[in-house]
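Colleague: All chains should be built: construct the whole structure from the sequences, respecting the hints.
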Amino acid sequence: MLELTDLRVHYGNVAAVDGVSVTVEEGEIVAIIGPNGAGKTSTLRALSGLVRASGGRVVFRGVDISRWRPHRIVALGLSHAPEGRRLFPQMTVIENLRMGAYRRRDGLAIERSLAEVLERFPRLAERRRQLAGTLSGGEQQMLTIGRALMSDPTMLVLDEPSFGLAPLIVREIRTIVESINRDRKVAVLLVEQNARMALAVAARAYVMETGRIVLSGPAAALRESPHVKAAYLGG
Amino acid sequence: MRIRGGIAAVVMMALAATAGTTTPGAAQDKTLTIGVLGPLSGGAASYGVELVRGAEMRAEEINKGGGLKVGSDVYRIKLVSYDHKALAADAATAANKLVFQDKVKYIIGNAVGATCNAVQTVTEPEKVLFSFVCWGTSNLGPDKPHSFRAMLSQWEVAEPFYRWVKEKHPQVKRVAAISPNDTSGKDTNTAVVKALKGLGFEVAADEYYERGTKDFYPILTKILATKPDMLDVAAAPPGEAGLILKQARELGFKGPKGWTAGVNPVTLVSIAGKEAAEGVWSPANINVKSDFVSATVRRFGEEYEKRYKEVPGVIAVANYAAFDVFTKAMQDARSLDTDKVLAALTQKPFDTVWGRLVLGGKETYGIDRQFLYPVVISEIRDGKVVDIAQVLPAALKK
Amino acid sequence: MSIDLLVQALLNGFGLAMVYVLVALGLTLIFSILEIINFAHGEFYMLGGYVTYYAYALFGLNYFATLGLAILTVGLAGVVAERLIFHDLRGKALNAFIVSLGLLWVMQAGAQLAFGVLDKPVPSAFSGIVRVLGLVISVERLVVTLSAIVLIVALYLFLRLSRPGRAMRAVAQDADAAALQGVNIEAVAALGFGVGCALAGGAGGLLAPVFAVSPAMGALPVVKAFIIIIVGGMGSLPGAVLGGLLLGGVEGLGALFMGSAAVNILGFLMVIAVLLVRPRGLVGGA
Chain Z
3 MLELTDLRVH
13 YGNVAAVDGV
23 SVTVEEGEIV
33 AIIGPNGAGK
43 TSTLRALSGL
53 VRASGGRVVF
63 RGVDISRWRP
73 HRIVALGLSH
83 APEGRRLFPQ
93 MTVIENLRMG
103 AYRRRDGLAI
113 ERSLAEVLER
123 FPRLAERRRQ
133 LAGTLSGGEQ
143 QMLTIGRALM
153 SDPTMLVLDE
163 PSFGLAPLIV
173 REIRTIVESI
183 NRDRKVAVLL
193 VEQNARMALA
203 VAARAYVMET
213 GRIVLSGPAA
223 ALRESPHVKA
233 AYLGG
Chain E
30 MRIRGGIAAV
40 VMMALAATAG
50 TTTPGAAQDK
60 TLTIGVLGPL
70 SGGAASYGVE
80 LVRGAEMRAE
90 EINKGGGLKV
100 GSDVYRIKLV
110 SYDHKALAAD
120 AATAANKLVF
130 QDKVKYIIGN
140 AVGATCNAVQ
150 TVTEPEKVLF
160 SFVCWGTSNL
170 GPDKPHSFRA
180 MLSQWEVAEP
190 FYRWVKEKHP
200 QVKRVAAISP
210 NDTSGKDTNT
220 AVVKALKGLG
230 FEVAADEYYE
240 RGTKDFYPIL
250 TKILATKPDM
260 LDVAAAPPGE
270 AGLILKQARE
280 LGFKGPKGWT
290 AGVNPVTLVS
300 IAGKEAAEGV
310 WSPANINVKS
320 DFVSATVRRF
330 GEEYEKRYKE
340 VPGVIAVANY
350 AAFDVFTKAM
360 QDARSLDTDK
370 VLAALTQKPF
380 DTVWGRLVLG
390 GKETYGIDRQ
400 FLYPVVISEI
410 RDGKVVDIAQ
420 VLPAALKK
Chain X
108 MSIDLLVQAL
118 LNGFGLAMVY
128 VLVALGLTLI
138 FSILEIINFA
148 HGEFYMLGGY
158 VTYYAYALFG
168 LNYFATLGLA
178 ILTVGLAGVV
188 AERLIFHDLR
198 GKALNAFIVS
208 LGLLWVMQAG
218 AQLAFGVLDK
228 PVPSAFSGIV
238 RVLGLVISVE
248 RLVVTLSAIV
258 LIVALYLFLR
268 LSRPGRAMRA
278 VAQDADAAAL
288 QGVNIEAVAA
298 LGFGVGCALA
308 GGAGGLLAPV
318 FAVSPAMGAL
328 PVVKAFIIII
338 VGGMGSLPGA
348 VLGGLLLGGV
358 EGLGALFMGS
368 AAVNILGFLM
378 VIAVLLVRPR
388 GLVGGA
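Chains as they are written, first to last, in the numbering used here: chain Z, 3 to 237; chain E, 30 to 427; chain X, 108 to 393.
Some clues are possibly wrong.
No farther apart than 25 Å at their CA atoms in a straight line, the calculated lysine to aspartate or glutamate pairs in the DMTMM-like style are these [as the list claims (entries may be wrong)]:
id	chain 1	residue 1	chain 2	residue 2
1	E	K391	E	E89
2	E	K173	E	D368
3	E	K197	E	D258
4	E	K132	E	E155
5	E	K243	X	D111
6	E	K173	E	D119
7	E	K215	E	E231
8	X	K199	Z	E226
9	E	K59	E	E89
10	E	K283	X	D111
11	E	K256	X	D111
12	E	K107	E	D368
Have a look at the derived ranges for each label pair, beta carbon to beta carbon [claimed, not checked]:
id	chain 1	residue 1	chain 2	residue 2	range
13	X	A200	Z	G57	28 to 36 Å
14	X	R270	Z	G236	45 to 53 Å
15	E	Q200	X	L383	51 to 59 Å
Honestly, the hints are just simulated from the structure, not real lab data.
All C-beta atoms, glycine included, are put in the ideal place defined by N, C-alpha and C.
Modeller: Below, the structure is given as structure tokens:
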């Protein structure tokens, strides 16, 4: 469904992403783990069109979207919940969710999606009239995921959904990701520094360090890898 | 690169060839370059435009008539004009350009008080004869023997104007004056206040606004609260005077209106609208089409309108006359030497488009450098300027 | 000094404030969406004035139709300017500063060539005055102020309720996030620049009959707009309205007690005071 081939991203002369190849199959949850600064976020920004890749190809649903601008990629069914939540702080919860459905014109279906998201995130339903900037960290993350769902995507890209959240909330997020994948058959590409959580959710995973993929395989196998154990799972 | 060099060489040769063929012809006619300064853009642009056109018309008449004969030489007149945007700094720069780069000995035409002072810092030390239509006492004086005012100023017109108001409109007791907040504005209001007090009027308000103001409601509210019988938009340029009168009318002012130092009533009427401009008296306006003006002024007006599709204001006439006076003085002096022309200027009256014109003003300025000619008082009636009286400046009566 | 006079002075100050608020809103809209300050904003105001001069004063089109025409024409000119000049400068404040200064000179010089340097009068569409309790209000200014308020409300509704309006607000708050929701940033930038310029054009159209039009007419409203924005807070619509009322009130009262030169610096004193006490502006958000 998604195929990154030899993707490269440069900022000036510095290569942030240096030949990364990743595939995600239909309905699959795939994780990319790695330390801060490994190029994970740059990879995602390139695949959703926020930065122009300096090399390689991005193919989504059989279409080469390497040179597309973000709004067209969203319309094709790829929804990206970015690092740092990036909500619209001066808009209410509801307005944020409606922004997620910006490309859609089917009014009734949008209302159905909205009801569905509010049902999935009861906390958001309680705070529907509140400005997004005033929500707690966990609520903001839920709103980010909820907003990403509003475009009715076939694939969800989540960048550090657990960042800065308490363990209890991280577990909640994990459950939500799993249920989305299960109920809606949405493929998920999950980027995380929290390797323990990522490897628990994903079927397959990639380990990315200094712009390259250094390890990949089924999540269960990676959990047993000495390198992963030493570097990411705290021994 | 080589090709371009080749083209340049060809152009140079062509230029050299044409220059070669025209030089002998040009030797017969010498060129006399005369400078014109003025605001050619911005709110006072109409002044500059009239200055240039007035000069242009006289210069072309002279050139068409075979050039200016000074002694045994014949000169073709060439005008060089610069825009100083009514800014003193730009005026100094422009004057420097005229004097040191274009080497002019005569600058005939400039407007807006502060710029005159700036130009004089260049012209006086260089003995360049400088004629202008700026108002203000500081522009004329024994320390500035090479400077001339080619138009009646508020000092010449305020007193006769208000004497006429007092005689013909005795109901006017309290007068409010408003001018721009600069040298020419201050001078005008001062002259108006002096005339008012001398004639026994009450001064209701003596106010100033910043040039470029568009909204006069605040200042007018303050002025109208003093309940003046008459409002004098003294030294306001036509655009701003028009806005003041329009807005004064909107605020309910219905009394007589004056424009002591007003020029270019056509612009005033267009900005103020016919109703708000109705009845404005001015001792400095003229209607070049009225029966009242001399036949020469009327002819000038017709010629001007034919050329520029606009009716000339007093500045165009004044600079045309100034050009006439200076070139005549050159002929009288039989020289272009500025000292000799200066002597010729103060010797005798000139016969000009205004009629008889003398240089006077010693009582006010300490030196006879002010052009004096009859004051015409006009009134705006139904959007048109109608001349209604002629009075002589105090100095001219003697 | 009577109360009447004080109230009249305040009314004078408020009289045209809403028009300057329109200019300020255009400027701040463009800033929020493109993160650039368009120093040629006043020239779009001037363009609106000339549209009014030609359509209304010369051609005799209806006053309100002319206003609509001025808004559309100048808005279109804004879109063209964005596509040709500013679209690569989004977020590059310094480059945009230099380029927009250049545009300012080009447009002013162009206007001088095309329209002439002299003030062009535009006849008043409404004459007469209303007297209420000893106060004088000109009908023309009343219409102008009401029209400006209608336009401000229309802008508010457009930003709140319409799809492109929501997109503009989203881009203003977080451009990347907006792009990830499917907002076409380039189209919104062009449209936002156009709407910003259209507001200036509308203001120019409204004030053309009150004053007169000239190539340099854009300088004054832009200075006022900057004061309004800094006082009210960049990017805030209620802030701009509040800033406009404050500036109008201070100038109106100031004219009563001080000379006109002093009044002109009051606005700047207000800016300094606000910057010292509350640099974000009175209603400025984070």
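Colleague: Each hint: holds or not?
Modeller: Right, here's what the structure says about each hint:
Between E:K391 and E:E89 the CA atoms are separated by roughly 33 Å; this puts the pair beyond 25 Å, and the hint is violated. This hinted pair checks out: E:K173 and E:D368 have alpha carbons roughly 13 Å apart, not beyond 25 Å. The suggested pairing of E:K197 with E:D258 holds, with an alpha-carbon distance near 14 Å, which does not exceed 25 Å. The hinted pair formed by E:K132 and E:E155 meets the criterion: a straight-line CA distance of about 11 Å does not exceed 25 Å.
Taking the CA atoms of E:K243 and X:D111, the gap is about 24 Å. The hint holds against a cut of 25 Å. Taken as a hint, the E:K173 and E:D119 pair is honoured in the structure, with Cα atoms around 21 Å apart against an allowance of 25 Å. For the suggested pair E:K215 and E:E231, the alpha carbons sit about 18 Å apart, so the restraint of at most 25 Å is met. Taking the CA atoms of X:K199 and Z:E226, the gap is near 49 Å; set against the 25 Å cutoff, the hint is violated.
The straight-line distance between the Cα atoms of E:K59 and E:E89 is roughly 15 Å, inside the 25 Å bound, and the hint therefore holds. The straight-line distance between the Cα atoms of E:K283 and X:D111 is roughly 20 Å, inside the 25 Å bound, and the hint therefore holds. Distance hint between E:K256 and X:D111 is fulfilled; the C-alpha atoms sit about 14 Å from each other, no more than 25 Å. Distance hint between E:K107 and E:D368 is fulfilled; the C-alpha atoms sit about 21 Å from each other, no more than 25 Å.
Checked against the hint of 28 to 36 Å, the pair X:A200 and Z:G57 passes, with Cβ atoms roughly 31 Å apart. For the pair X:R270 and Z:G236, the supplied restraint of 45 to 53 Å holds, since their beta-carbon distance comes to about 48 Å. Evaluation of the 51 to 59 Å hint for E:Q200 and X:L383 yields a pass: the beta carbon distance comes to about 54 Å.
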